[in-house]
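Residue numbers (this note's numbering), protein chains in the order written: chain Y, 1 to 326; chain R, 1 to 377; chain L, 1 to 525.
Any given hint might turn out to be false.
[Said to hold, decoys possible] Heads up, simulated EDC-like pairs for lysine to aspartate or glutamate below, C-alpha to C-alpha not over 16 Å straight-line: (1) Y:LYS219 <-> Y:GLU207; (2) R:LYS74 <-> L:GLU341; (3) R:LYS262 <-> R:GLU137; (4) L:LYS10 <-> Y:GLU17; (5) R:LYS74 <-> L:ASP495.
The set of hints was computed from the structure by calculation and includes no laboratory data.
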Amino acid sequence: MSSAETSTEYEKYYVPESSSLAVRATIGLVLSVFGGGLVLNEMTFGGTHDTGGAAKWVLFAGLAMFIGTLTYWFRTTIKENKAGMNSSQLSNSYVLGMFWFIFSEVMFFAAFFGALLYVRWLAGPWLAGEGEAGRMNFLLWEGFEYTWPPVTTPQEVVGGALSQPIANNGAFVSQHTSMSFADAQAWYAWLPLWNTIILLTSSVTCEFAHRGLSQGNIKKFEAWLGVTVGLAIIFLFLQAAEYYEAYEMFGLTLNSGIYGSTFFMLTGFHGFHVAMGMTMLLIQLIRSVRNKHMTPTDHFGFSASSWYWHFVDVVWVFLFIFVYII
Amino acid sequence: MLNARALAATALLPLAANAQNQVNMSTGVSEAGAVITDLGVEIYDLHMLIFWICVVIGLGVFGVMLYSIYAHRKSKGVEPSQFHEHTGVEIAWTIVPFFILIGMAVPATSTLLEVYDNDDAEMSILVTGYQWKWKYEYLDADGENVAFFSNLATSQEQIYNTDTKGENYLLEVDEPLVIPVDTKVRFLITANDVIHSWWVPEIAVKRDAIPGFINEAWTRVLAEGVYRGQCTELCGAYHGFMPVEVHVVSRDEFDDWMAAKKGAAAADAALAATELSVDELMARGEDVYNASCLACHGANGEGGLGNAIAGSAIAMGGLDSHLNVIVNGVAGTAMQAFGAQLSDVDVAAVTTYQRNAFGNNTGDVVQASDVVSYKEG
Amino acid sequence: MGDHHHGPAKGLSRWLYTTNHKDIGTMYLWFSFAMFLLGGAFAMVIRAELFQPGMQLVEPGFFNQMTTLHGLVMVFGAIMPSFVGLANWLIPMMIGAPDMALPRMNNWSFWILPPAFLMLASTLLMEGGAPAFGWTFYAPLSTTYAPPSVTFFIFAIHILGVSSIMGSINIIATVMNMRAPGMTYMKMPLFVWTWLITAFLLVAVMPVLAGAVTMMLMDIHFGTSFFSAAGGGDPVLFQHIFWFFGHPEVYIIILPAFGVISQIIPAFSRKPLFGYASMVYATAAIAFLSFIVWAHHMYTVGMPVAGELFFMYATMLIAVPTGVKVFNWVTTMWRGAMTFETPMLFSIGFLVLFTIGGFTGLMLSIAPADFQYHDTYFVVAHFHYVMVAGAVFSMTAAIYFWLPKWTGRMYNETMGKVHFWVSFIGFNITFFPQHFVGLAGMPRRIPDYALQFADFNMMSSIGAFIYGASQLLFLYNVIAAIVAGEKVSDEKVWDGAEGLEWTLPSPPPYHTFETPPKIEEQPAH
Ligand code: HEA
Ligand code: HEA
Ligand code: CUA
Ligand SMILES: [Cu+2]
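Chain Y extracted, bound-state conformation (with noise of 0.2 Å):
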């Protein structure tokens, strides 16, 4: 561990003088959530909040504050890298960073599974009136029975505003196909199974291209990069294509109740956290291929990328089998 013959890397590590880049972050970060928040609030809460379209405004306004930021903070850690500012100790305190930042994203969609298990375990046959804490419930929801996927919701069995005990709910649409393997279709057809094999095989070549990297073989470490990236788009784009199949042709939608509730939730933060994970391999690729960044032991952006590439594979395989097949 540390000791004192390190220590003279310690007298080395770099802290920057000062700088705008966090207060202009900030700035951008607050303008879109407010905007985020007015353009909402136009959506649903009617007119009180009518800021006659300005509001999307703010909201575009800080995003492109915030996005220019972070472009540029990144821009500028690589630069004080490249100009040999940084100490393997301050790498390692971004290894440590990013770490650590994909562990608190694990736990973000831990929350979503935990749902997800919840409702199919526990509330789900609650409602229906099985197990111990759910054995009145009959009661309310006279005729719902419990079945994962659900063919219908507590609320259409029991039919309209008037004759069901809650409040104020609109009418739910619930689906009728649901989206885990069904008879009905071929396997091959099934888009999530193929999208899983991309996945995984994308993680593959992302390791074919740190190999590639780590040997100084460039060339090598760019092409699988570039297959990686090929992947990711084709992962995104059969995406689009299931969720089409979900709204046209399913009638499964966010509003379908529990189902669509966790499945879009599930896969749509998913989704969200490839299309990132793409943009940073991306990012990497061109950084490799224009500004010759990458060398064997330097290349701190791929490898946090790369962790990043893995982490979203993994999540997707819990997907594959809480949301899709079991």
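Once you've looked at the hints, dock chains R and L with the ligands against the given chain Y.
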């Protein structure tokens, strides 16, 4: 003005034990010395057991600390000793508390299992929380359920300090829950809008009312009397004004009460078929308004949480849109669908009232038959 | 490089653009104090309304907004940032590091806080009012039945979460990567240890809170039904997710406080901390247990009895490691040579009152008894004992303890002692009677109450005004010390204080430990 009793209470805290209802959990025993519920007594004993264990441990810890503060002061010229480890004591004070905890867990477990023993109830009552009132529905084997709402009975004048407060300030309702003594009653607790919680301390029942789910709780009250409680889960603006009042009566009294309730329900249904006079409608409407609407729409229809009724375009405009608001509520707002909560006569009466009171002198009369035909479309 | 300036830049940009851990720590501390005053002002409204039965000053809806914002501002605005501020100031100095590991991100973690709270506070002015569903924002009161301002509340929570996560990652990276040579883990001061573990907790649970508010957002604006039974969801699901965050959150609040106390008691006992290793293990045990006890806030929601029993047993177990800590502190004092300067007084106040709060916590953990305690003022009393007399007292002790080091100037000791006694007495007048009204049946979050609770509520309000006023004394004392306090000549300030930060001049130079110190022998913890 500082209350003298408050000062006395500060000085006499340890001696205040005789004023049980002010400083400690309900003992489960009535003032006359009768056990109210066995479970209540058990929970109280459990509470006191843990309390005394904590007191003893606390006295030990603080005693050692105070002695040390007294004896090991620098001003006394002591030399600090430098010990900083002792595996033996460290293990001891890990293990001993563990066993103390086991000692607490045993009675706690058995009491908990009793709390959860909902079977073999002799009657079941469906308790539904609404913003901000309770609905009680006696589930009857023959399907002749008796149901009614229970609203806060304390006047706005008392709440806004223009009238002296009564003894049961905020703890009184217009129609209490009535249950027979020495009968295992099962409560099926749920809610219609947000989460509420049904609590009566003296009979030791508290359970959350979750919209869309039914929770079970039970009691067997051994002593007749009136027991009061409140909603204990934040449920919106008037969460503090949602009391529970339970009257525990003898079996005979209960049967009479039940028969009277069923009779009244039948009379209400009959009333719906007759034409009422304007005065009758206005009088009944005022009662309904004060019980169900006043909290949001104000004593003079001036509005508050809800829109103003005085001069309201809806209350003075077309009857259908007025009935629509009252019967179906306004989705996404606090205005509930009262069609499911009030009888047709009451809807008719309150509609008539709103159309003629607070200076809304439309002169319209709405009969129950109008409401029925409105509901039928 | 090597051309560091040795002083800060001048003017506003020093604070806006700074990457210096001391500057950032200072900003966190002042910000959190401002939030403490704001949250305290809300509490004063609550206590004024509850002074007598009957509606006095505010409407019930507004009262709920006060309760909600009081809880949120105190927890997320006052306590958490104050300990992050302390961490920023102290961790690099305690482990011999030049600064935090990721200085620019450090600045960012701070600067997103003030606008987030501005946004939260601005909801008071919005149509429909501020959030009024309690700091625990249970669905569906916070979704279907919420005012429009809930959207901004949700985004504010998101930002606070981001800030906490970045702050914690920074702390973890600093502690794991920046210790001076020879500063092994088991030589780290306990404050550093407790913060390291707290940071793990934060990284683990803040994202879960973000998930919870995101689901709320979807339910409100996009028609999902996570928390609505009509669509197959469950309002109780919200509570499970919230408390999976919320319970560790309360230990996030208290663990750094434990760290502070573990620094101060040995200093004024002039004796090393008793049981250093067991302190570390106990902290870790508390952190671990905190993940498996969340449903003790939900005994009355109607869980199956097996779940109820599991959470009861797990919760009770927390008394064991916490007890180890209490016993260790008392034993540290045993046969020391104690003096009672203000930091020590607040630490002893902490020790006594926190333990009382812990005992009531243990009572609450007994599920069948909690059916009677739940959502009454007994709970309010419990958590103010652990949070005000726990977290706030320890924070106050920390300020008095390290202020001379930070500023090179001494506060007024007499005024400090007065502050302690007024706080101590005021605090107990405020919150001790709440045990009684709670047990006697007064629900929490109500703007008006039955007559039998009148006496104790009046007492409680009077105590709150006393306690609140004493905080102004504190503010005055701190400012007076900074502006005109007597200069401190000694590096150690307190003759019993041990640790690297006390080897530095007072005030320490803008950049410390550019060359790491050598840690040879075991420093006293
Ligand atoms: C700093 C914050 C903090 C801390 C440290 C604690 C500590 C504990 N808390 Fe508390 N708690 C809160 C903050 C905190 N709590 C808050 C904010 C709420 C309310 C939230 C809301 O609803 O708004 C709450 C609510 C709360 C509840 C829910 C009550 C209800 O709503 O019905 C429960 C129930 O189990 C509980 C239990 C405990 C326990 C067992 C501990 C233990 O950690 C205490 C352990 C300490 C000791 C026991 C004392 C020292 C030990 C010894 C001297 C050893 C020997 C002792 C024995 C063997 C008895 N707490
Ligand atoms: C760490 C967190 C923390 C802190 C420090 C405090 C501090 C205080 N709290 Fe706290 N409180 C909570 C966390 C905290 N609280 C939480 C989480 C809740 C639950 C919310 C919910 O139910 O959702 C709660 C709820 C709560 C209630 C219950 C409300 C209800 O159920 O309706 C009450 C009532 O007395 C109360 C009182 C106080 C008081 C008097 C203080 C005092 O210690 C405050 C003292 C500080 C000041 C007063 C500020 C300094 C002085 C000035 C600003 C000058 C002006 C002063 C005067 C003129 C006298 N709090
Ligand atoms: Cu109903 Cu609180
Ligand atoms: Cu807890």
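Original post:
Which numbered hints does this structure break?
Top reply: none
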